[in-house]
Structures are given as structure tokens and as C-alpha cells.
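Colleague: Protein chains in written order, with this note's numbering: chain A, 1403 to 1899; chain B, 1403 to 1899.
Watch out, some of these pointers could steer you wrong.
One copy or two, it doesn't matter: identical chains are merged, so the pair holds either way.
Listed below are the simulated DMTMM-like cross-link pairs for lysine to aspartate or glutamate, each with C-alpha atoms no more than 20 Å apart in a straight line [as the list claims (entries may be wrong)]:
id, residue 1, residue 2
1, Lys1628, Glu1605
2, Lys1659, Glu1509
3, Lys1588, Glu1630
4, Lys1408, Asp1616
5, Lys1854, Asp1616
6, Lys1534, Glu1578
7, Lys1408, Glu1851
8, Lys1558, Asp1713
9, Lys1659, Asp1734
10, Lys1754, Glu1775
11, Lys1596, Glu1851
12, Lys1588, Glu1598
FYI, nobody ran anything at the bench for these hints, they're computed from the structure.
There are 2 protein chains.
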Amino acid sequence: MTSTAKTSPSHPRYTRDIARWDMETDVAIVGFGGAGGCAAIEAADAGSEVALFELASAGGGSTAMSSAEIYMGGSGGTRVQRACGFEDSTEDMVTYMMMSNGPQADEAKIRNYCENSVEHFNWLCGIGVPFKDSFHQERAIMCLTDDGLLYTGSEKAYPFSEHAKPAPRGHNLYVEGDNGGPLFMKIITENIDKRERINVHYETRALTLITDDDNTVTGLVVRQGKQELNVRARQGVILCAGGFNMNEAMVQKYAPKLLSGNEPIGNPGDTGTGIMMGMSVGGAAINMHEGFISIPYYPPASITGGIVVNDKGQRFINEDVYHARLGQAVLDQPGDRFYFVLTVDQYGDYEKFNFMGASIAGTGESVEELEEELGLRAGTLANTLRIYNEDCAAGADTQYHKAAEWLQPLQPPLVALDITPGRGVFVPYFTLGGLDTLPTGEVLDPQREVIKGLYAAGRTACGIVRRADGYSSGMSVGDASFSGRMAGRQVAATPRH
Amino acid sequence: MTSTAKTSPSHPRYTRDIARWDMETDVAIVGFGGAGGCAAIEAADAGSEVALFELASAGGGSTAMSSAEIYMGGSGGTRVQRACGFEDSTEDMVTYMMMSNGPQADEAKIRNYCENSVEHFNWLCGIGVPFKDSFHQERAIMCLTDDGLLYTGSEKAYPFSEHAKPAPRGHNLYVEGDNGGPLFMKIITENIDKRERINVHYETRALTLITDDDNTVTGLVVRQGKQELNVRARQGVILCAGGFNMNEAMVQKYAPKLLSGNEPIGNPGDTGTGIMMGMSVGGAAINMHEGFISIPYYPPASITGGIVVNDKGQRFINEDVYHARLGQAVLDQPGDRFYFVLTVDQYGDYEKFNFMGASIAGTGESVEELEEELGLRAGTLANTLRIYNEDCAAGADTQYHKAAEWLQPLQPPLVALDITPGRGVFVPYFTLGGLDTLPTGEVLDPQREVIKGLYAAGRTACGIVRRADGYSSGMSVGDASFSGRMAGRQVAATPRH
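All chains, full assembly: derive it from the sequences and hints.
Modeller: See below:
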């Protein structure tokens, strides 16, 4: 009697069918990215023997491909925040993150994250992650200098700024250029290599979980070369195998709105097998419809002074928000076309970067001419601009509350960029759904009961950030590294079975 | 060795742990609503012995509580459609339903539904469901006359009308008042009662599934009185236990946007246990974030001649769509307030019904006065009305394409109703997520492999309709009755094990 004909992540194997354990360890971790790496370090430091399985021939995961900004703050501020003159309270951080995530917010997880964020910063410093005590002024998606701190979200934008004192929380590694990710994973890997209790198995694919009759996860099946090995995990298995962004069928099924994007972000291993393994033993996958999806319209920062309108010539958002908040707002609007309306000067700045790849939809020596070129009904964009320009002159955006620093009247000649998804503009996306877990990383079933022996972290879990319009850069690597640590600690505190 | 300490829908029991079968049947069906009832009839008529388990002391489910409009058409038209002078093509019906469901559409399921819809009509007539060959002209949410046919969706509205020839497909039972649901279930129950192969067990709660080691569902555990009974199902189990609308924790977790509504629609048994049972054996729950959510603003039909604006005085939708499409559009719009702007005459009509419970937000002898009362910036609503009224005079809504029959200039004095969710207006909702199934009702795992012995129908499955903004009345009972039949037929064709 064997469990299933082929080994699929959707069908667990049963302990009673295991004739022989090919490998035994305290903790088995699937995936050596930011989450898996940090989980391994914490579990080993707490005394557990760890086997870390990685599909690729080197560690890294999506963390290594990212900018590795890390969202941290609260408790008065991290060393970098304080050095740069920013005080940051835990409550402001909690408020901002709770607002950002709306009805999907997991308060226990957010609170735990915010309360322990400075400790996390210190831990990262302790393992050698370098941050420079300097503040990057410019509005940027990723920091190309070696500055240690920048605003990476919508903290200064309406409505958040009305409810939580803004503070920059994006921590950037002390390295020039967009090289934070590789450096972060290099440091994690060095830390792994010097810990004897951690055994890394590269080019090893996790196939399925092994579970007891009482629904305790006891290990997993991996493939090395052509061999299937049954791995016993005396304390538990941590799934850190990323999201499902690279599994198009799964994205189509669970998060079809993301396919309005044109650039899935992540590593090729993000095929959802970690999530499916969790589901196969009764884990609840939640928030599966949500993802980060964005129109990354800055740099240049000056584009923020333009206005975004729909195909009725109406504004619908304050343009000083984080780029994914604008991207989500565009997707939620009715209409077939979306435009960024700029002055010639602003367009000049934009042209130097052209980061988002938007083409010109129309130009006009007058507003009327621009309306005509865009096929807008006469008097629509004109009325929007009239109101906006009056508000700029008065110094307060009465309609969408863009911050005063960005308000300057838009005078012709004007240029309209086509930012309609599907018409050439760069629209990156990745998934934000995953296994429901406690802040400790313990995986939950649909009734929120813990599945013994099973943990998830990073994007395999549904973490602190749950919507594009509430995203801030640094929340992914922040969550991956922090949730990995939480799970590593928790599993190491579990009795061996 | 027993499987779990307590019997939970999230933990299946294993065949090997069953010492004794307390009951044996060919087909076990969970839930005696529209889906379960139709499944039982079909399975029995195909020669299977059926045990039908119902939690309540009588059948009915949410179907009995509904208007029981049934969405049917295609193949040239049902008898009623043809008698009323409407020809309806399968392709138009498929096109409309595919558009309605957007990226979530399940083409195989929609196509099967549309191709067999006239056959379904005939089957319903055959078991005694009466439809009168008469057309109800008036725009209505539910038909209070005994007319057999009415428009129940957005078929005549933009953009659907541009792509699929409109036809009314809402079939209303031949009964006065909103009494279709009770009559429908009375007929189903009479059909059940006269079939000897069907044994109905009322006041019997399904607790959990029983599964083999090779992941074939072999039966289920039910509770009758204080006894737990192990029920063997030689051909399979069909889950027809409704959605999860009455499980607030589950709605919060999976479909938090629905909690913007104030009236969950359905029967108290819609607690998601059917879906959880399916998940517990590896079934994929999909589209869990979606639901029907609506602002049911008509009757009176004349309200359609008003305009809906947000708190910037902007229109954002054609007001002649189905009410849930408007409801969803309101939820997707940024802004804190939403208004229905009416003439005094239109308001007079509205007042007679006041079906949606909206209060007056402002009135104005002039547009300027109304803007002031609503706290709108001067010149915003005025510009919207100027454009709208010009368009009405010209007979074409250039901005949102409301059909010409509804276009009449809105002249002061004007009244604005507050239709902001959370401020008193009636916002009903129900879930539209469930188990992924083939058109046959076979339940699928996340990799779309069939879970042997397990079927789902009605709202426990994710059916033909997947979004509020694509909903038409009649799609729920249509899907429940049709998908129940499909599952009943499929399970009856399965070898006994």
C-alpha cells in the first residue's frame, strides 16, 4: 500500500508508508532565500540541527534579485533613523501598516513586526548587514546611492499622513547601486556556512510533505539527482519556497487581476509548490487574490507634480503616493485609457529616465488641443485642470490632497503619457497570498487551528503586507527575514519527536 | 489509532479507522437546497440509491429564501423566450457571461451551462416547475407579478450590449409576489418524496469526510441526535452545503470587502463547512475573495434616469446596469461619499418604494446650492451635470454610454440621496467562492487533478458566476439547480466501490 502513484505537492506521503528514513534532522527548511536563510540561522543558534534544501545550485531566491530594502522602525527609531534625526514610534508604524492593509490586515502579525523591528535591525547588524547612517532625500523606487535610509512608501501622503506621523523606514544596504539583494544574501550565506549545525543541500527539490495519521508533519520528500529521499524532521518543516508568481496557471486561477501586468517579479522557483504542500495537509491559503502590481512612475520625482487622469479626463488619486498605490488605483478605475499629464519641463525630466516605458499619447499647445488629441470630450480635462490649477495657486489640493510641495499649476504646452496597462507601460507584479500563519510561523487550517510540525515564512506565508495599494518597498525582504527568524526560533523550541 | 480527537470539517477521517459502517448508500449528498435536491433527483433517476442529509428540519436552503429567478437561454431560446418574441443564441449568452466574469470566467463551465440551458428549462418543466409565457417589461430586481420572463442583468447596458445581442434570460416562476423560492423547493421536495431511491435525513449534520489512503472519498461522518454515524457512499459524496456567507470569521479572512455590506443573504447553514470539507481532502477553494455585493437602487425604474456621483462630483458608471454592478463600482471608487442625484419627479417615484433605505444628503434649487449642501467643490458637480445634460439633449451619453431611453436632462430643483455603504443604505451580500470543480461537479485539487469520489455543486462549488459586477439575477438558482444535476448524473455513472 503506497500513498500515491506519483509524488505531487498536493498529495502528502504518510509516515506509516515510510519504510526507511534516508535523512534525519531536527529542522527541515524548504528554500534558501531570505526567509529560509534567516530561519536556518535562528534555528541553529537555538541549538537545532538544520537541513536547508534549495532547488537551485546556490542560495538567493527572490531576495537576491531584489533591492533588499528592509522596512524597519518603531520603538523610537533604529540606529539609522535616529542618526538621521527621525524619531519613530511603534504606534505610528502600526497605524500606518494597519491602514495600508485595510480589511485584510493581520493585526497580531503587524504588531509583532513593529514591536520587534528595532530588535530585528540590531540582529541584522549583528550578523554583519551594513547600514550607513545617512538619509536619501530624493523620492526613489530604489536607492542607487549607499545611503542607509529613505522614504519607500506612502507615509507622507494622504490619507496616511493624517493618521500616523510619517517616518522613513526603508533601510538600504551600505552599497552603491541597486546591489542590496546580492550583498544581503552573501552575508546570509556566509553566516550559514560558518554554522556547523546547518547542512545546505543545493539542487534538491522538495516534492511533498510527510504527515502522521494525527496530521502532524514529520518530514518531507526531496529529490536529489534521480533519487527520492525521505527526510525526517524531528522538530518540524519550514516552508520558505516563495510565492506562486511564476506559475501562470495558478496566478490565473487565484489572482487573475495580476495578469494585467506584464512583468512577473521573482525567481523561477516561485511556482507555488510551498503553498500547495501546505494546502495538502490542510493549511489555509489566504489572500490569494492579492498581489503587488504597479506603475513605477518615478524617478524622476518631478513627475509627481503632474496629474493622472482617466479617459473621462478625471483625476482619481493623489499622485504623491507610492507607485503601487497608483498602479492599483488605475486598475480599479473604470475606463480604457489612463494618462499622466505633464508640463513640458516635467516631460523633459521624465524623458531622461523613461523608466516606465510610457509613450506619448498626446500633446497640446492648449488644453483644448490636448483634449482633442486624447479623444476626450471637450470641457472634461479642462475642468479638471482649472480646479487643479486654482488649488495649486491656493496651495491646497482640495480634491485629492496631494502634499503642497508637489503643487504647481500645469500650464500648456502639455504632454500626456499613456500609462494604460497593456499599452507598453512597465507593470511589474508579484503575489501576496500564501499560507495563513501565526506570528510564530505556525501554519493554520481554515479554522485557525495549528497544523503541528509545519511552519511557513516569507512569501509562502501570507505576511504583513497584503495589498498593492498598501505596499511600501522593504516590506517583502523585511517580512521574509523577520518571519523566517520567527519560524526558526519557534521550531527550535519544539520538543523533538 | 484514531484520526483526530474531535470531528472537524478540516480533518477527514480515514477509511482504515472505520470499524463499522453505520449506513451505506450509493450517493451521499450534503445539503437539501436547490443544488442538493436536483442532484438527488438526477442520481436517483440514473439508478443510484441516494442519502440526502440536511441540517435543518426541512429542505429549502438558500434557494427557498430566494426569488428563484433562473437564468436560462441560448439555443434559439427557451419556450418562454420564444413565446415572448425573443430569439436567443448560445453564442450571445456565452459572450455575455464570459464578459461578465472577466478574468475569473471558467469558459468550460459557462459553455456547458449555456449549451444545455434550454434542456435545463425543459427538465425543470418536466418535473413540474411552471413558467408563464409572458414578458415583464418593467425594470425590476424581483418580479412581483406571475410573468415568466424579464431582463435580470446588464444585457442591455454598455459595454455588454455592444458585444452580445441582448435577450431577457431571467425566468420567473408562475406565482404572484416574491414567492418563487418556496414554490421551487416545494416542487423539488415533492419530486424527492416520490422517488423511493432517495432517503432524506433531516436534522442531520455532516461533520467530516471519510477518505481512503489513496485519497478517494469513500463516505462521510454525520451526526444524528447525539450519535456520530459513519456513512459509506459507494459512488461518491456530493457537497451542496452552500457558501460561507454566515461564517463572519471566514468572510473576514477570505472576502473582507463583503463586510462593507450590511445584510448577509442566505440561510443560517451557509457556514462554509462544505467548502472546508473539500479543502480538507485537498480540494482547491478558488475565487474566495469575491462575492455579490449590491446597492439595489431600483425599483422604481425611473431612478435609472438619475446620475451617480462620487465625493468629487464625478460620474463613474452607466446607471442602467444591474444593481450589483453599480454596487461593486461604488466599492471600487476612491472617496468617502456617493450620491444618487435625482430630479424632484424622480425622487417622488423613489419615495414610494424607498427600497434601498437611502436618506437625503442634500437638495438644491440650483446646482450651486446642491454642491454646497453636499460639501462638493464649486464647479465639480456643475461640470458633470453640464456635460450630462448636453449629452441628454443630443441623445447620447458620451461619457458612460447609458442607453438613450434613460437620458433626460436633470434640471433643478435636485435631490441627492446618500448611497454611501455604511450610512444606512441597504447593501446585501453573499459569497461567490468555493471548490474548484469540472463542469461535471468533480472536485479538483490545486493542480486541477480530480479528487476521486468527491463532487460539489451550488455555492459550495465555484460556479458560473464569479463577480458582483458580472452578476445577473437568476444565476445563483440557475447554477445551483444545473450544477446539482450535473453532479448527480456524473456520480451515478461512477462504478460502485
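Colleague: Now tell me if each hint is right for this structure.
Modeller: Against the structure, the hints:
no.	hint	verdict
1	Lys1628 with Glu1605	within (11 Å within a copy, 54 Å between copies)
2	Lys1659 with Glu1509	between (26 Å within a copy, 17 Å between copies)
3	Lys1588 with Glu1630	neither (30 Å within a copy, 57 Å between copies)
4	Lys1408 with Asp1616	between (23 Å within a copy, 11 Å between copies)
5	Lys1854 with Asp1616	within (9 Å within a copy, 22 Å between copies)
6	Lys1534 with Glu1578	within (11 Å within a copy, 76 Å between copies)
7	Lys1408 with Glu1851	between (29 Å within a copy, 12 Å between copies)
8	Lys1558 with Asp1713	neither (28 Å within a copy, 23 Å between copies)
9	Lys1659 with Asp1734	both (10 Å within a copy, 14 Å between copies)
10	Lys1754 with Glu1775	neither (24 Å within a copy, 47 Å between copies)
11	Lys1596 with Glu1851	neither (37 Å within a copy, 43 Å between copies)
12	Lys1588 with Glu1598	within (17 Å within a copy, 71 Å between copies)
When each numbered hint is compared with the structure, violations occur for hints 3, 8, 10 and 11.
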